[in-house]
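Peer 1: These protein sequences, in sequence, are chains E and H.
Residue numbers for the first sequence follow our numbering, beginning at 834 and rising by one.
Residue numbers for the second sequence follow our numbering, beginning at 29 and rising by one.
Treat the hints loosely; a few may be bogus.
Said to hold, decoys possible - Straight line, CA to CA, 25 Å or less: simulated DSS-like cross-link-like pairs of lysine-lysine:
#1 E:Lys842 with H:Lys34
#2 H:Lys38 with E:Lys902
#3 E:Lys872 with E:Lys842
#4 H:Lys38 with E:Lys1065
#5 E:Lys976 with E:Lys988
#6 E:Lys1068 with E:Lys976
#7 E:Lys842 with E:Lys947
#8 E:Lys838 with E:Lys872
#9 E:Lys988 with E:Lys1116
The set of hints was computed from the structure by calculation and includes no laboratory data.
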Amino acid sequence: MKCTKCGQKAVMHMEHHNLALCQDHFPDWMRTQTAHIIKKYSMFRHEERLLLAVSGGKDSLALWDILWKLGYQVDGIYLDLGINGETNYSAISGETAQTFANERGLRLTTINVKARYGESIPELGSRTKRGHQKPCSQCGLVKRYLLNKEALDGKYDAILTAHNLDDEAAFLFSNLTHWNMQYLGRQYPLLPATTGFVRKVKPFCMFYERETTAYALLCGIQYIYTECPYAKGSKQLRNKIYLNMLEDEQAGFKSQFYAGYLRALDAGTFPRSQESPEMLEQKRCTQCGQPTSSNGLCTFCRLFTR
Amino acid sequence: MLATLKIREKEIHIRGNRPLYRIMEDLQLSPQAYLAVRDGVLLTGDDRIQEGDVVELIAVVSGG
């Protein structure tokens, strides 16, 4: 197969785009498309300060590399969740992210959850009933809270996450099959800032997972290949497998599924559910001061209160 | 001599002299879920795998 642009040997065939690209043109295409998505959704501008959630995995490091090459001011934040055990997962992820940042002269802040709040995510999961056998729900809550807190404290203009199209399609699939309307109205490439919450954007939301992986490989980015030990057997992974089966049958299925949802959202098919500033002003956590829907402590502060 | 496919810690020995997509089909592996690398070069589905080749399949699906 030949590169559509130059006729050299192609290294990536993207059937859903009817496009094959060589090892030189594929990374260029990724950068151009990322810039296009940032512009299309008015995600952020060059003069703004950005905070990227970095996991040490392929997606976040590929996104950081692209944004750095596009000239954006992006600092990274790594949340050390204390998921170690046999795989030493958190420790290796953190080292990987730090090495990436050092090699490029980028700034990475590491927050150690146990050092700051007294418990790691696995310890939190085993103490509370919320996680049942896995601490994934606590983990998600802690990450969302801390990212927002660090962005507010550091006066960043936007929080960036490297969710790709497969992540978004799997999340959408789950929410649709459960008719979870509360989440359906919130899933969008950009969530504007509101009282107590920094703007959140997903510049990789239109890329397939194999494209972000290919970018990391072609650009020599060292990323953590080991999965989080709690991801095994997760609903999200299962949904991704189902969606890939559909993609194998019909090229472009995932892309059409997600893009169709965004069009429906833009057309008002699903109500956009974001709390109004007035509502958020009504209640504040008595401990941390963040807006909360409940009286007294917010969910995060309740989680760490024994 | 067979070709070797490496998937994480596993090694599979398979018949070569056929395109990668045929091998993926036979092994019931989704081309969406893996990237194939031979001698440091990414392969597309139509690339032929020869006897004696060592191909690494890199899983791309992640998340919990």
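Peer 1: What are the numbers of the hints the structure violates, in ascending order?
Peer 2: Hint check: 2, 3 and 7 fail, others pass.
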